[in-house]
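With the hints as your guide, set chain B onto chain A.
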Amino acid sequence: MQTPIRVLVAKPGLDGHDRGAKVIARALRDAGMEVIYTGLRQTPEMIVNAALQEDVQVIGLSILSGAHNAIVPRVLELLREHDMSDVKVILGGIVPDEDAEALKKQGVAAVFQPGASLDAIVQFIRTAVTV
Amino acid sequence: MKTAERQFTTISGVPIEPLYGPEALSGVDLAAPGDFPYTRGIHRDMYRGKLWTMRQFSGFATPEETNRRYHYLLAQGQTGLSVAFDLPTLMGYDADHAMAQGEVGKCGAAISSLEDMEILFRGIPLGDVTVSMTINSPAAVLWAMYLAVAEQQGVDWARLSGTLQNDILKEYIAQKEYIFPPRPSMRLVTDTIEFGAQHVPRFNPISISGYHIREAGSTAVQELAFTLRDGLEYADWAIERGMAIDEFAPRLSFFFNAHSDFFEEIAKYRAARKIWATVMRDRYGAKSERSLKLRFHAQTAGCSLTWQQPYNNVVRTALQAMAAVLGGAQSLHTNSLDEAYALPSEHAVTIALRTQQVLAYESGVTATPDPLGGSYFLEKLTLETEAAANRYIRQIDEMGGMIAAIEAGFPQTEIADASYRYQREVESGERTVVGVNRFQSDDQPIELLQIDEGSARHQEQKLAALRARRDHNRVMKTLDALKRAAEGTENTMPYLVDAVRAYATLGEICDSLRVVFGTYQETTRL
Numbered sequence: 001m002q003t004p005i006r007v008l009v010a011k012p013g014l015d016g017h018d019r020g021a022k023v024i025a026r027a028l029r030d031a032g033m034e035v036i037y038t039g040l041r042q043t044p045e046m047i048v049n050a051a052l053q054e055d056v057q058v059i060g061l062s063i064l065s066g067a068h069n070a071i072v073p074r075v076l077e078l079l080r081e082h083d084m085s086d087v088k089v090i091l092g093g094i095v096p097d098e099d100a101e102a103l104k105k106q107g108v109a110a111v112f113q114p115g116a117s118l119d120a121i122v123q124f125i126r127t128a129v130t131v
Numbered sequence: 001m002k003t004a005e006r007q008f009t010t011i012s013g014v015p016i017e018p019l020y021g022p023e024a025l026s027g028v029d030l031a032a033p034g035d036f037p038y039t040r041g042i043h044r045d046m047y048r049g050k051l052w053t054m055r056q057f058s059g060f061a062t063p064e065e066t067n068r069r070y071h072y073l074l075a076q077g078q079t080g081l082s083v084a085f086d087l088p089t090l091m092g093y094d095a096d097h098a099m100a101q102g103e104v105g106k107c108g109a110a111i112s113s114l115e116d117m118e119i120l121f122r123g124i125p126l127g128d129v130t131v132s133m134t135i136n137s138p139a140a141v142l143w144a145m146y147l148a149v150a151e152q153q154g155v156d157w158a159r160l161s162g163t164l165q166n167d168i169l170k171e172y173i174a175q176k177e178y179i180f181p182p183r184p185s186m187r188l189v190t191d192t193i194e195f196g197a198q199h200v201p202r203f204n205p206i207s208i209s210g211y212h213i214r215e216a217g218s219t220a221v222q223e224l225a226f227t228l229r230d231g232l233e234y235a236d237w238a239i240e241r242g243m244a245i246d247e248f249a250p251r252l253s254f255f256f257n258a259h260s261d262f263f264e265e266i267a268k269y270r271a272a273r274k275i276w277a278t279v280m281r282d283r284y285g286a287k288s289e290r291s292l293k294l295r296f297h298a299q300t301a302g303c304s305l306t307w308q309q310p311y312n313n314v315v316r317t318a319l320q321a322m323a324a325v326l327g328g329a330q331s332l333h334t335n336s337l338d339e340a341y342a343l344p345s346e347h348a349v350t351i352a353l354r355t356q357q358v359l360a361y362e363s364g365v366t367a368t369p370d371p372l373g374g375s376y377f378l379e380k381l382t383l384e385t386e387a388a389a390n391r392y393i394r395q396i397d398e399m400g401g402m403i404a405a406i407e408a409g410f411p412q413t414e415i416a417d418a419s420y421r422y423q424r425e426v427e428s429g430e431r432t433v434v435g436v437n438r439f440q441s442d443d444q445p446i447e448l449l450q451i452d453e454g455s456a457r458h459q460e461q462k463l464a465a466l467r468a469r470r471d472h473n474r475v476m477k478t479l480d481a482l483k484r485a486a487e488g489t490e491n492t493m494p495y496l497v498d499a500v501r502a503y504a505t506l507g508e509i510c511d512s513l514r515v516v517f518g519t520y521q522e523t524t525r526l
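Protein sequence lines correspond, in order, to chains A and B. Just so you know, the first sequence maps onto residues 1 to 131 in our numbering. Just so you know, the second sequence maps onto residues 1 to 526 in our numbering.
You can trust all of the hints, since none of them are fake.
If you want a taste of the chain A side facing chain B, the calculated C-beta under 8 Å gives, among others:
id, residue
1, Leu14
2, Arg19
3, Lys22
4, Ala25
5, Gly39
6, Gly66
7, Asn69
8, Ser117
Counterexamples of contact, computed for chain A against chain B with all Cβ distances above 10 Å:
id, residue
9, Gln2
10, Pro4
11, Arg6
12, Gly32
13, Leu52
14, Glu54
15, Leu76
16, Arg80
17, Met84
18, Val87
19, Glu101
20, Gln106
21, Gln123
22, Phe124
23, Arg126
The hints are simulated quantities; they were obtained by calculation from the structure and are not laboratory data. Each residue gets a CB set at the ideal place from its N, CA and C atoms; glycine is no exception.
So that you can see chain A by itself, here it is in the shape it has in the complex:
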């Protein structure tokens, strides 16, 4: 049997709206992945440390507060500093198109906006990690 894909689902910033993060975490687990959920109010440092310790291939960030432009680039920067650029960062939440494009240019693998299907997210991770 193949080793399951390991995913860290993280809630950075002050936003406590964790409905999406929890639904995604369950869906990924139901799809056979190993999911570690950080809980709320994680700093970029805490998230990257957890990703390092848990040896994950994917970090899923859920941000609904509009703070993504301050938080996500910092996560990417820390991953580079730790030589972990092979870890795929995906972002879900209320992220306007132009911000999504800019964040992808900086290294985010995918941005899932409201209404994205769970299946699309699962498929994306499977493709991104096996390549």
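Okay, now just chain B, sitting in the frame of chain A:
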């Protein structure tokens, strides 16, 4: 799909029979509106006497910009104000705190000190307008600032009218904006209830909220049951403090979601009034009619709004608002069409307000109270909703109350299960979301409100100037006095008012309380 195979349920999964007839009315209490148990409404004349308050929840960027929006909304015919605070404020951090980075002014107005509160209400006479404030963990502090502004305006506290959300239990359950552990938080809430009864008698010190529980993915019954059970917890604490039920119960107010399933929502509001009236009378021995009457604010369901085809959201909101009105709401917020993207633009919020005005002045639904009363389906659904909510309430009673249930993760898990079930139904196509999983088409671009980092810099500069200007010794003295009060059993409100008058900042005050009370981290459950 053939009709015979298809399951009809409400959006919360409650089965619906093929037909309802006169037998559905057995056991239904059809007491008139204004009569116990108020299922049909708390007033005999309802909207014939007074329309609901049109109260748009609003706040963004700096207090200066939000103040301009308030003047605009009042000029457009809005009848009350409702303050949205940003996340740093909700979490008790000043705008210049490291944790506030990227968050200042994004989800609401940034308020770090009395100076910001003065700006927020500049030119708005607090004696004449009712103000609701969506603030929870640091509610006592923001209320102290509000009282201090009223004092500066020369308005007697006894004339102030409005609502403090101040419902910390639903934060642990659903929205997760908590600072302190449950018990010290409940003590602060009880302090505000007691202080309000003594000094600010026309102000609702709490708005017991199901809205956020529903937004987190609960069913209608869970929203109702957890909210009412939270209400009982606050009542128990106030009684423990030594207050009589009729001293404070008339000022307990409620806040429910207005979700998409039209009849289920109306049934929920009707069941809410009946359960509350019954429990206040029978469990607490309330005598005052005002203690028995459940008054509520409603907000249409943010979580039902779609990013795809955003103009459809105007229609969703109109239907949800109609359900709230037919359910007898006392005040209402209608969401703007762009809220799946951002805080509302002025254009979008105007349409949302106009939606309420069309309902109020054109639809005719205001002409008679509870016009759907006696409907076979609605009455049956009201009874079923009531019974299902009472089962949850008993279950939580048996667990030892809401704090014990929260510590056991009970409501949190029930909600997460319901939200996952719903998402799976949408995913499989069992539930249709127009424009998302059926009837897709290209989206029309809409103009959005942008909040840049300029707000954060503006707030940081004001704070630096304030810290340099104020009387440092007086700040330290009031904070020390507050800490001593928090360590003891005295009501903290007078100390909070003193501290904000000295221009101690929100962050400094909350840090003082953090030292005494500690902070809360939830056990993460999936």
